[in-house]
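Asker: Residue numbers (this note's numbering), protein chains in the order written: chain A, 18 to 208; chain B, 18 to 208.
Keep in mind that a hint or two might mislead.
Just so you know, same-sequence chains aren't split out, so a pair can sit in one copy or run between any two.
What the hints assert, rightly or not - Straight-line C-alpha distance at most 16 Å; calculated EDC-like pairs for lysine to aspartate or glutamate:
1. 81 x 167
2. 51 x 70
3. 134 x 39
4. 205 x 124
5. 52 x 166
Bear in mind the hints are in silico, worked out from the structure with no lab data behind them.
Given next are the chains, with one letter for each unit.
There are 2 protein chains.
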Amino acid sequence: MSEKLIEHFKKYVAIDTQHETEILNFFQPKTFSKKANLINENTYCKLNFFITEGCLRMFFVNQKGVEQTIQFAIENWWITDYFAFESQTKTEFTIQAVEATNVLAIDYQHQEELLGKFPQLERYFRLINQRAYAASLLRTKYLYDFSGEEIYQHFYENYPEFAKRIPQHLLASYLNMTPEYLSEIKKKLRS
Amino acid sequence: MSEKLIEHFKKYVAIDTQHETEILNFFQPKTFSKKANLINENTYCKLNFFITEGCLRMFFVNQKGVEQTIQFAIENWWITDYFAFESQTKTEFTIQAVEATNVLAIDYQHQEELLGKFPQLERYFRLINQRAYAASLLRTKYLYDFSGEEIYQHFYENYPEFAKRIPQHLLASYLNMTPEYLSEIKKKLRS
Numbered sequence: 018m019s020e021k022l023i024e025h026f027k028k029y030v031a032i033d034t035q036h037e038t039e040i041l042n043f044f045q046p047k048t049f050s051k052k053a054n055l056i057n058e059n060t061y062c063k064l065n066f067f068i069t070e071g072c073l074r075m076f077f078v079n080q081k082g083v084e085q086t087i088q089f090a091i092e093n094w095w096i097t098d099y100f101a102f103e104s105q106t107k108t109e110f111t112i113q114a115v116e117a118t119n120v121l122a123i124d125y126q127h128q129e130e131l132l133g134k135f136p137q138l139e140r141y142f143r144l145i146n147q148r149a150y151a152a153s154l155l156r157t158k159y160l161y162d163f164s165g166e167e168i169y170q171h172f173y174e175n176y177p178e179f180a181k182r183i184p185q186h187l188l189a190s191y192l193n194m195t196p197e198y199l200s201e202i203k204k205k206l207r208s
Numbered sequence: 018m019s020e021k022l023i024e025h026f027k028k029y030v031a032i033d034t035q036h037e038t039e040i041l042n043f044f045q046p047k048t049f050s051k052k053a054n055l056i057n058e059n060t061y062c063k064l065n066f067f068i069t070e071g072c073l074r075m076f077f078v079n080q081k082g083v084e085q086t087i088q089f090a091i092e093n094w095w096i097t098d099y100f101a102f103e104s105q106t107k108t109e110f111t112i113q114a115v116e117a118t119n120v121l122a123i124d125y126q127h128q129e130e131l132l133g134k135f136p137q138l139e140r141y142f143r144l145i146n147q148r149a150y151a152a153s154l155l156r157t158k159y160l161y162d163f164s165g166e167e168i169y170q171h172f173y174e175n176y177p178e179f180a181k182r183i184p185q186h187l188l189a190s191y192l193n194m195t196p197e198y199l200s201e202i203k204k205k206l207r208s
């Protein structure tokens, strides 16, 4: 599974074959069963996760006591609460497995060491973070401007693999609508 | 004004004094009067901006024809549409001066050259992007979960200098409320 990470690094930066094992040794492979929590709300967010197989979501419990999903991640994506990870503080979010999931996990100190030793990975993470930030700006735009139907349609067109793979009640939560409303929209778009 | 950028770099990474002029030569200083556009919606987004003095906002025109502000930036902040900047495509956003503003601007090719020549700046931009992304995740949480009053209170407590400095109709737009509603909230919180 670990080759996926090296392959992903190589999409953005050069990695000498002789350094691959040394790089991978900075990471711990971990397996989580469906619905297991990788990080719990109100605990220290010590790890950053690269998904080699499966699907994770990040959510918080809103003031009404309902789980609100704000992020999904599948293979080749990174996920953590970067604010809590970098400042080594408690997180406001929970990260949970949507499917049985394999990750490569790295803690803050090891990530810093890794970046010190292989500075080309600063570029890799700069580009990854930049894309994540750019996507979240666009998402804010859609949240402000799109109707529920438009948001779903846009999501479906841009991330068809997600829309099919993710349980509908979680997708509805991410799109900020009730499962009933999502089901109505889908019915309408099919007709 | 250019020293501000070097100082900001040095908060995150080491820069040799002898390289400062060479680094600054990658940037064009530009001055914009209040309400001037730095980047227009539906044009190529060629520049990334570091603000040395003033205040900018990023907005789009929503489906009702109303300007919706989604980002502000003041001194020592970077602003661009990273998606359009990196892919060298047209942007969905306008970047406009809220006050008379001085920036240091860099285009994509020069930024790549700069990063190639001074790779420690990859770390600087990695950290800047990571913080921007982390902040936008938290903002998404607030947009989902907070009432208008809570959003304003949170914004005021965390960014008091912004809340005082920014014209109230723009702040209302950013907080996704009408200026009248913002004015009511402020009256209520003062009483």
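Asker: Now tell me, hint by hint, if it's right for this structure.
Answerer: Structure-based check of all given hints:
1. 81 x 167: between (26 Å within a copy, 15 Å between copies)
2. 51 x 70: Classified as within; 12 Å inside a copy, 50 Å across copies.
3. 134 x 39: Intra 10 Å, inter 26 Å, cutoff 16 Å: intra-copy only.
4. 205 x 124: neither (46 Å within a copy, 45 Å between copies)
5. 52 x 166: neither (28 Å within a copy, 34 Å between copies)
The structure fails to meet hints 4 and 5 from the earlier list, while all remaining hints are met.
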